[in-house]
Amino acid sequence: MKTPRLFLMLAACVVAVSFNGCVTGKKTTQPSGSDADYVNGTPLPERQEGVSFTSPNVDRDRFHPVYFAFDSFAIGGGEQGKIDQVAQFMRGASNTLIIAGFTDERGTPEYNRGLGERRAQTVREALIRAGVDGSKIQTVSFGAEMPADPGSNEGAWAKNRRAEFGVVR
Amino acid sequence: MKIPRALSFLVLLALFQAAPLPGADTPTITISKSDKLSIAIGSLTGADSTQAVKILQNDLAMSGFFNFVPAASAGFIIGGASTGNSVAGTVTDRAGKIVLSKTFTGSERGKVHQFADEIIETLTGSKGIANSKIAFVATRTGHKEIYVSDPDGTGVRQLTSDANISVNPRLSPDGSKLVYTGYKSGYADVYEIELGNGSRNRIIKFPGTNSGAAYSPDGRSLAVTLSKDGNPELYVTSAGGGGPRRLTRTRGVESSPTWSPDGNEIIYSRDDPGAPQLYRISSGGGSSRLINTGHGYNTEPNWSPDGKKVAFTVRDGGSFSICILELAGGNCRVVASGEGPAWGPDSRHLIYSSGAAVILLDAQTGQKTTLVSGLGKISEPSWSR
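If you read the sequences in order, they're chains A and B. No gaps in the numbering here: position 154 of the first sequence is 154 in our numbering, and each next residue is one more. No gaps in the numbering here: position 313 of the second sequence is 313 in our numbering, and each next residue is one more.
So that you can see chain B by itself, here it is in the shape it has in the complex:
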């Protein structure tokens, strides 16, 4: 594994600081002023550099890893040139050594998002979130339609205009397409939309209800709730919706499957214990295991890309909250009021819906930012990996 230089330095520093002082009577806990890297955006030249600096600054701030400081005291200085469909970006350290130099091509925002993610990966080792996509349901038109946007809330695009019911969008891991549940036929079917050219296909249309499809991490399969055999159960199909293979067999309702990062397991909500609870099952089938959350009503689980956590919605006393469960220790904490959590690629941020907004939560600091609003009631957000 590649350990970025800046991170190793921080770790060394942390170890040094955490060492107990010899001879001290009471243990001393040192709280460092900041675990953030200090950076500065130096000279960015080119035709659209003003816009590029704004996007970059926002992306880097959103990541939660950086403090912006004057160039003289910055650990790293960002520079480059942005014109047309490309940005040639550089990062130099305090000594003037180049730690990143690369050209990114794409749209005005896309190329800068790529640069931002590369800066984050180079300096922290963490995956960035800037060059991903989010999707959600909004009621601006008076109907539930599917929308996508950049994860900073810009570039909002309405994908469906059926004036019907279009819900539960789930982006493919690479963000190139999504599946959603649509009622255009009068029944709940699963549709797929290619984001590049907007083409749409109805891919799952068995008798009864077809809903809640979610891509596997390799993008080759879907987990989905189908009722064709006489009860809402979980199935796995190909990414194109073919060859359904049944996973569950209970009296109740199975819903909202979410995949482990290796694709070997699925966590979902199951209600035959009397109220919806989270269960874990092999994606090949077999018996399922209850995940004890300590809450009575648990739905909409979303497995973090690092595999360590699952975020989900609980209902307590008539209102909804977002919970994060650590799969290793079983520790479960309520982090916000809202519904439908979805982890970002960094396993640190998640989005959820709250009334008329998509909210971004930094699960490490608790900081909340409104990403999208003004589109009516918002529900069922999704985030690409």
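Chain A on its own, in the form it takes in the complex:
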């Protein structure tokens, strides 16, 4: 199907407005050059001193992990409810949150670290869309490290492709 170029430009502009204010179609947002027109999500806040996903002052069991399909960072329909629960808690609490992204073992290590981070960021954006203050959410990726299930089969891999929530106490 042929889509008129003007329509595409308008659509891109609408997307740009909703994220970051429109820049009238000129690609002048960054002095360092750009690659496609994607305007990213919300910048991360500074890290909290003495707090990380694995530190004792973080509750990692309060919410269920969000699971992903192989080599994907899209949030499946069945997973949205888990995010809504976290959003509800976060809107009413003063706690901060660390989202940790993980992958299964079937990928190369550095790509897996990137993919895990992308999963964590996707969940963070979903929480921000649900009204949670982005400055309260930090992310980290462990790639294929720290599997939930050490097995090498479909069942284990499905449990390992996840984003976990760590509530800072």
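It is worth saying that the hints were derived from the structure and are not from the lab. Positions of the beta carbon are idealized from the N, C-alpha and C atoms, including for glycine. Mixed in with the good hints there might be a few duds.
[Said to hold, decoys possible] Pair by pair, the computed Cβ-Cβ distance ranges are: (1) A:Gly-78 - B:Ser-319: 26 to 32 Å; (2) B:Gly-330 - A:Asp-84: 44 to 50 Å; (3) B:Gly-274 - A:Ala-93: 35 to 41 Å; (4) B:Ser-161 - A:Pro-56: 21 to 27 Å; (5) A:Glu-46 - B:Lys-377: 32 to 38 Å.
[Said to hold, decoys possible] Listed below are the simulated DSSO-like cross-link pairs for lysine-lysine, each with C-alpha atoms no more than 30 Å apart in a straight line: (6) B:Lys-377 - B:Lys-54; (7) B:Lys-377 - B:Lys-309; (8) B:Lys-368 - B:Lys-309; (9) B:Lys-54 - B:Lys-97; (10) B:Lys-368 - B:Lys-127; (11) B:Lys-54 - B:Lys-102; (12) B:Lys-205 - A:Lys-136; (13) A:Lys-159 - B:Lys-184; (14) A:Lys-136 - B:Lys-184; (15) A:Lys-159 - A:Lys-136; (16) B:Lys-377 - A:Lys-159; (17) B:Lys-127 - B:Lys-36.
Since the structure of chain A is provided, determine the placement of chain B on it from the hints.
Same frame as chain A, now just chain B:
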């Protein structure tokens, strides 16, 4: 450009042999018995000469350029004296003329590696690989830690002992230091280690994940994946990790940057087409270009020092292979099963990990040698230039 005498001779010989025979009915393809130079290690004197001969012989054999023959039939004869921290090395040709005479200083192995590389450069014009360093991740202790060794697999040294996650070591071009991704803080940060004195600094620690740093060929910059702005994207920083400048802007994951030899371009892996593909971008920014490899899953690219090839990891049917892509013609071939290829300084050899081993591959002959094993599972090797 300096063309070594021995090489010119070989080229002349090759031209002569390749010329078609006049009057022949069918074209004749002459396959020469060997394109290697015949050499002999003659008399090497001195206190540690036995050890030096062994190291030298191994270095020269590893280079792939030489056949060892008796001195009487050798094109070149190697000699010298090795004592203490120096080796005074010589190479003479068949006529007894000295083609190399130089003293090298360093450790027991280091001084011989330097001599080996000088022999290779003098006789072939190619850069040697003996006096370089390799680094890799191994799980011997039960944790992923960073190790370095000589490129012949000796002199293995464990650099980190954090009992945490230490991964993706990338040596500086001169082999004097490396950067790696460490989780000591609970987050992925980039650390730098000086190999000389072992000192370590956390140099990139933005919010989110900081990983995959790789030195530019002049050693002055790093290309690295940062997620501080809300998505894993590529940035270029100073060698010390300062002044991040953003290069990419996509919905997906950018990872594993590798620099062109002139530092003007970067090839990396990008997954927003649906699965990771190789892309090429100016190190100053701008738009990126897809490199078509014919494979569905392409990661861990490594640009050869001569600029002509990129080696990378493909995933086909659940297993990983090493591919080499010729950038000029676009020809892509699978050369081994394994992960994480890294070119050596000669652009002829590469190392990669395969299970519990670092394997050395001579991409010209296909010969494979196990360099390192017995340290648990090995991953993410790197090679200095």
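The hints, checked one at a time:
Remark: the range hint 26 to 32 Å for Gly-78 (chain A) to Ser-319 (chain B) is upheld by a beta-carbon distance near 31 Å. Between Gly-330 (chain B) and Asp-84 (chain A) the C-beta distance comes to about 48 Å, which sits within the given range of 44 to 50 Å. Between Gly-274 (chain B) and Ala-93 (chain A) the beta carbons are some 37 Å apart, a value that agrees with the proposed interval 35 to 41 Å. Look at Ser-161 (chain B) against Pro-56 (chain A): about 22 Å separates their beta carbons, and that is inside 21 to 27 Å.
For the pair Glu-46 (chain A) and Lys-377 (chain B), the beta carbons lie near 35 Å from each other, so the given range of 32 to 38 Å is met. The suggested pairing of Lys-377 (chain B) with Lys-54 (chain B) holds, with an alpha-carbon distance near 29 Å, which does not exceed 30 Å. Pair hint Lys-377 (chain B) plus Lys-309 (chain B) holds up; C-alpha atoms about 28 Å apart against a cutoff of 30 Å. Restraint check: the Cα-Cα separation between Lys-368 (chain B) and Lys-309 (chain B) comes to about 19 Å, which is no more than 30 Å; the hinted pair holds.
Only pairs whose Cα atoms come within 30 Å are accepted, and Lys-54 (chain B) paired with Lys-97 (chain B) is accepted, the gap being roughly 25 Å. With a C-alpha separation of about 20 Å, the suggested pair Lys-368 (chain B) and Lys-127 (chain B) falls inside the 30 Å cut-off, and the hint holds. The straight-line distance between the Cα atoms of Lys-54 (chain B) and Lys-102 (chain B) is roughly 19 Å, inside the 30 Å bound, and the hint therefore holds. A hinted pair counts as satisfied when its Cα atoms are at most 30 Å apart, and Lys-205 (chain B) with Lys-136 (chain A) qualifies at roughly 18 Å.
A C-alpha spacing of about 25 Å is found between Lys-159 (chain A) and Lys-184 (chain B), which places the hinted pair at or below 30 Å, so the restraint holds. Using a Cα cut-off of 30 Å, the hinted pair Lys-136 (chain A) and Lys-184 (chain B) holds, with the two alpha carbons roughly 22 Å apart. Taking the CA atoms of Lys-159 (chain A) and Lys-136 (chain A), the gap is about 27 Å. The hint holds against a cut of 30 Å. Proposed proximity of Lys-377 (chain B) and Lys-159 (chain A) is supported: the alpha carbons are some 23 Å apart, at most 30 Å.
For the hint pairing Lys-127 (chain B) with Lys-36 (chain B), the CA-to-CA distance comes to about 16 Å; that is within 30 Å, so the pair holds.
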